[in-house]
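Undergrad: Here is what each chain is made of, one letter per residue.
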Amino acid sequence: MSKSCFLRIVTFLLCLALGWQFWKGILALEPTQIIIGPAAHYIESAAEETGATNIVAAILFDYRALDTLGEASVIYTSVCGIAMLFAKSKFKISSTGLSFIVKRGVSFIIPFLLLYAAGIVLMGHISPGGGFQGGAVFATATILFCIVYGSGFEAVMIKPKTKELIESSGALMFVLIGFVGLWTGAGFLANIAAGYPKGEVGRFLSGGSIPLLNIAVGMKVSAGLSTIFYSMIKLLEFEVTKHPGVKNK
Amino acid sequence: MISLLTVLIPLTWAFLIPLIHIFRKTWLKRAILLFGIAVFFVTISAAISGWKQSALSFLGGWPAELGIVLIVDKLSAAFLFLSAIGGGAAFLASYGRLKEGPWRYYVIFFLLQASMNGVLITGDIFNLYVFYEVFSLAAYLLVAFTISWQAIEAGLKYLVLGTIGAFFILLGIAYIFMATGSLNMAVLSLVLPHIPNEALTVIAASLLIGLFIKIGAFPVHFWLPDAHSSAQTAVSALLSGVVVKVSIYTLLRLSLLLFLETKPAVFTVITVVGTLSVLGGHLMALRQEDIKRLLAYSTVAQIGYVLIGVGTGMAAGISAAFFHAINHMFMKVGLFIAAGHIAEDMKTRNIYDLRGLYHHRRWFVIVFSLLTAAIVGIHPLGGFMSKWYLMLAATKAGNVIPALALAFGTVISAFYYMRVLSFFYSSGDPPPRQTYPYWNLAIAGACALCCVFLGIVPLVPSLWKLVSDIGLNAVDTAEYISTMLSK
Numbered sequence: 001m002s003k004s005c006f007l008r009i010v011t012f013l014l015c016l017a018l019g020w021q022f023w024k025g026i027l028a029l030e031p032t033q034i035i036i037g038p039a040a041h042y043i044e045s046a047a048e049e050t051g052a053t054n055i056v057a058a059i060l061f062d063y064r065a066l067d068t069l070g071e072a073s074v075i076y077t078s079v080c081g082i083a084m085l086f087a088k089s090k091f092k093i094s095s096t097g098l099s100f101i102v103k104r105g106v107s108f109i110i111p112f113l114l115l116y117a118a119g120i121v122l123m124g125h126i127s128p129g130g131g132f133q134g135g136a137v138f139a140t141a142t143i144l145f146c147i148v149y150g151s152g153f154e155a156v157m158i159k160p161k162t163k164e165l166i167e168s169s170g171a172l173m174f175v176l177i178g179f180v181g182l183w184t185g186a187g188f189l190a191n192i193a194a195g196y197p198k199g200e201v202g203r204f205l206s207g208g209s210i211p212l213l214n215i216a217v218g219m220k221v222s223a224g225l226s227t228i229f230y231s232m233i234k235l236l237e238f239e240v241t242k243h244p245g246v247k248n249k
Numbered sequence: 001m002i003s004l005l006t007v008l009i010p011l012t013w014a015f016l017i018p019l020i021h022i023f024r025k026t027w028l029k030r031a032i033l034l035f036g037i038a039v040f041f042v043t044i045s046a047a048i049s050g051w052k053q054s055a056l057s058f059l060g061g062w063p064a065e066l067g068i069v070l071i072v073d074k075l076s077a078a079f080l081f082l083s084a085i086g087g088g089a090a091f092l093a094s095y096g097r098l099k100e101g102p103w104r105y106y107v108i109f110f111l112l113q114a115s116m117n118g119v120l121i122t123g124d125i126f127n128l129y130v131f132y133e134v135f136s137l138a139a140y141l142l143v144a145f146t147i148s149w150q151a152i153e154a155g156l157k158y159l160v161l162g163t164i165g166a167f168f169i170l171l172g173i174a175y176i177f178m179a180t181g182s183l184n185m186a187v188l189s190l191v192l193p194h195i196p197n198e199a200l201t202v203i204a205a206s207l208l209i210g211l212f213i214k215i216g217a218f219p220v221h222f223w224l225p226d227a228h229s230s231a232q233t234a235v236s237a238l239l240s241g242v243v244v245k246v247s248i249y250t251l252l253r254l255s256l257l258l259f260l261e262t263k264p265a266v267f268t269v270i271t272v273v274g275t276l277s278v279l280g281g282h283l284m285a286l287r288q289e290d291i292k293r294l295l296a297y298s299t300v301a302q303i304g305y306v307l308i309g310v311g312t313g314m315a316a317g318i319s320a321a322f323f324h325a326i327n328h329m330f331m332k333v334g335l336f337i338a339a340g341h342i343a344e345d346m347k348t349r350n351i352y353d354l355r356g357l358y359h360h361r362r363w364f365v366i367v368f369s370l371l372t373a374a375i376v377g378i379h380p381l382g383g384f385m386s387k388w389y390l391m392l393a394a395t396k397a398g399n400v401i402p403a404l405a406l407a408f409g410t411v412i413s414a415f416y417y418m419r420v421l422s423f424f425y426s427s428g429d430p431p432p433r434q435t436y437p438y439w440n441l442a443i444a445g446a447c448a449l450c451c452v453f454l455g456i457v458p459l460v461p462s463l464w465k466l467v468s469d470i471g472l473n474a475v476d477t478a479e480y481i482s483t484m485l486s487k
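Top to bottom, those sequences are chains A and B.
The working numbering numbers the first residue of the first sequence as 1 and each following residue consecutively.
The working numbering numbers the first residue of the second sequence as 1 and each following residue consecutively.
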């Protein structure tokens with residue numbers, strides 16, 4: 001029975017005690033069958049007030065749009081930080097990618113993948129999805145290029161500057177869309193109240209500013225996640241080529 | 001509306017800087033300086049307008065129960081003022097040192113400023129968490145910015161512990177949402193007393209643990225000395241001067257709104273942690289030989305002072321806590337900028353190697369001595385006044401032991417700061433060369449002058465009324481609620 005073993009047991013017991021307390025807190029709350037608070041209002045009148053049939057999108061991009069701007073800023077901050085911390089090494093064109101079969105197979109998938117991503121972004125207000133999810137799919141497509149076709153492939157060579165441009169302009173677009181509401185006096189990030197057309201509920205052209213905000217977030221997230229991947233892969237390849245046992249191809 | 005701009009303008013700058021970098025690289029130098037000044041003035045004017053009359057902005061035009069409300073009352077305005085000054089000083093220090101070179105640094109800097117202002121003015125508890133996330137991320141990155149191994153290690157440590165803290169805060173917010181279904185702080189203040197006591201205990205515990213980790217209070221302070229000492233000069237000043245104060249504001253706001261009547265035990269816990277921080281921070285600082293680490297441990301202790309003030313839960317204590325917070329902001333920004341410059345100039349951070357500094361860097365040492373006198377609490381300076389009012393408030397609230405700890409801690413701090421100064425004033429070898437960074441000297445000097453000025457504040461009734469108004473406004477939660485729910 002070493003000292004570290006004893007400490008581990010003590011820590012484990014402390015964690016258990018903490019968990020028990022937290023569980024008691026949950027038990028104390030009686031589970032209610034009725035929805036209380038603002039959630040009830042959202043369910044009842046989100047479609048009417050925002051023009052979006054997807055209530056989650058209505059909450060994310062209309063009722064609590066500032067939170068979404070904040071969450072998008074979290075991604076923006078981490079992208080900026082990763083690009084800053086991993087900026088030292090040079091980009092090396094090395095691998096030739098995966099086998100012929102995979103390349104062919106993926107080349108069939110890619111157009112559908114892009115279409116799928118665009119669909120998720122554009123129809124965020126009428127179906128599950130939105131800018132965050134669609135943007136992540138877009139980023140996956142760019143990552144697939146690098147993995148399947150090798151980093152020498154043309155599409156991989158999208159300049160980091162271009163991505164930065166897309167990311168920053170997406171973020172700015174979000175703020176500008178919000179400023180329209182401030183301009184009309186309805187409040188920052190106001191939707192229908194700011195004069196955005198509501199459209200016919202359930203149709204593609206509806207929801208006022210929600211689809212626009214979805215596009216802005218999609219731009220920001222897709223370019224951002226792609227930047228994260230390419231900032232890190234640089235370092236990885238740099239280390240591999242430096243290793244004495246591995247020859248450069 | 002101006003309150004909203006304190007968040008939006010720095011945020012927009014952060015998004016604009018990459019575009020300027022791509023299209024008009026030559027503009028970057030002027031643009032960044034202009035942006036920094038604009039942020040300063042917007043924040044100050046928001047603080048002034050919020051001070052005169054509580055300023056609300058309803059985002060998206062939704063009422064408080066449905067959407068997010070930003071509110072600037074006197075407490076927020078006071079902390080906005082602190083953030084504007086501290087942020088401005090750190091901005092000038094980093095601009096003087098880095099110029100426009102690493103533009104990503106400024107992107108993160110403006111994001112930090114935006115999210116700190118966001119935390120200070122938001123009236124919605126989940127929005128608070130979102131801004132907290134942005135500002136923590138930005139702070140981790142600024143710590144790691146220099147990419148030396150110490151900085152990376154400190155940044156990683158800060159990241160891990162900060163994330164644990166954030167998880168606890170999120171857990172508390174999730175419990176609150178489960179129990180009440182609403183997130184607006186004014187609404188919560190009304191409905192929280194009606195939920196079961198066990199659940200309230202868990203909520204209070206989660207929020208307190210999370211916030212103590214973020215603040216860097218004594219038992220969970222390990223990240224703070226590393227992060228504050230390994231970062232570069234301007235970032236250290238910003239972290240010690242402003243970032244921890246933002247966390248203290250959050251603790252103050254949440255504990256007053258949610259737990260003042262329902263769970264007075266929360267304030268006892270805050271007092272105990274504050275007392276521990278005072279003793280622990282000072283005792284740890286006593287052992288340090290690295291000047292920046294010494295200052296960082298001293299921050300732990302000073303946070304303890306502020307927590308003792310918050311822990312009284314009374315208007316006088318909160319006013320004194322804020323007064324100490326703003327004093328500490330000036331003192332620590334000045335000390336970190338002076339010490340950081342000295343450390344870079346002399347290529348060492350060990351106080352034994354800084355012997356005889358007075359004979360070669362006269363003005364720096366004079367400014368440093370003045371700031372040291374202020375932080376120890378020599379009579380006419382700001383540090384003495386704030387500690388005096390803290391002791392008065394603590395004894396009035398019946399917290400005699402914290403008040404004694406406060407006095408004892410001051411004695412220890414006098415001991416270790418005297419040790420540093422005695423090395424500075426003894427004779428030693430002249431350093432190899434001399435650089436004249438007027439920026440750093442000017443900023444540190446200005447901070448020292450402000451400390452002298454703050455010592456006068458309690459003697460002038462009209463000025464002291466401003467400070468005592470903060471506490472009165474902070475404990476008056478009924479007014480906060482009625483303002484917020486007026487629409």
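Just so you know, these hints were derived from the structure itself, not from any lab.
A couple of the hints might just be wrong.
Computed list of lysine to any residue pairs in SDA-like fashion (alpha-carbon distance at most 25 Å, straight line) [said to hold, decoys possible]:
1) A:Lys161 - B:Lys263
2) B:Lys157 - A:Lys24
3) B:Lys157 - A:Leu98
4) B:Lys157 - A:Met232
5) A:Lys24 - B:Lys347
6) B:Lys157 - A:Lys161
7) B:Lys157 - A:Cys15
8) A:Lys24 - B:Glu261
9) A:Lys24 - B:Leu286
10) A:Lys24 - B:Ile147
11) A:Lys24 - B:Pro264
12) B:Lys347 - B:Leu257
13) B:Lys25 - B:Phe40
14) A:Lys161 - B:Glu261
15) B:Lys263 - A:Leu14
Undergrad: Run every hint past the structure and note whether it holds.
TA: Here is what the structure says about each hint:
1. Annotation: proposed proximity of Lys161 of chain A to Lys263 of chain B is violated, straight-line Cα distance about 53 Å (limit 25 Å).
2. For a cut-off of 25 Å, the pair hint linking Lys157 of chain B to Lys24 of chain A is broken: about 32 Å separates their Cα positions.
3. Simply put, Lys157 of chain B and Leu98 of chain A have alpha-carbon atoms about 38 Å apart, too far for the 25 Å limit, and the pair is violated.
4. Taking the CA atoms of Lys157 of chain B and Met232 of chain A, the gap is near 21 Å; set against the 25 Å cutoff, the hint holds.
5. Taking the CA atoms of Lys24 of chain A and Lys347 of chain B, the gap is near 55 Å; set against the 25 Å cutoff, the hint is violated.
6. Using a Cα cut-off of 25 Å, the hinted pair Lys157 of chain B and Lys161 of chain A is violated, with the two alpha carbons roughly 31 Å apart.
7. Restraint check for Lys157 of chain B and Cys15 of chain A: the C-alpha separation of about 21 Å stays at or below 25 Å, so the hint holds.
8. Restraint check: the Cα-Cα separation between Lys24 of chain A and Glu261 of chain B comes to about 22 Å, which is no more than 25 Å; the hinted pair holds.
9. Note on Lys24 of chain A and Leu286 of chain B: the hinted pairing is violated, with a Cα-Cα distance of about 43 Å set against a maximum of 25 Å.
10. The straight-line distance between the Cα atoms of Lys24 of chain A and Ile147 of chain B is roughly 45 Å, outside the 25 Å bound, and the hint therefore fails.
11. Annotation: proposed proximity of Lys24 of chain A to Pro264 of chain B holds, straight-line Cα distance about 21 Å (limit 25 Å).
12. With a C-alpha separation of about 48 Å, the suggested pair Lys347 of chain B and Leu257 of chain B falls outside the 25 Å cut-off, and the hint is violated.
13. Proximity of Lys25 of chain B to Phe40 of chain B is assessed by CA-CA distance (about 24 Å); at most 25 Å being required, the pair is judged to hold.
14. Between the alpha carbons of Lys161 of chain A and Glu261 of chain B the distance comes to roughly 55 Å, so the proposed pair goes past 25 Å and is violated.
15. Annotation: proposed proximity of Lys263 of chain B to Leu14 of chain A holds, straight-line Cα distance about 24 Å (limit 25 Å).
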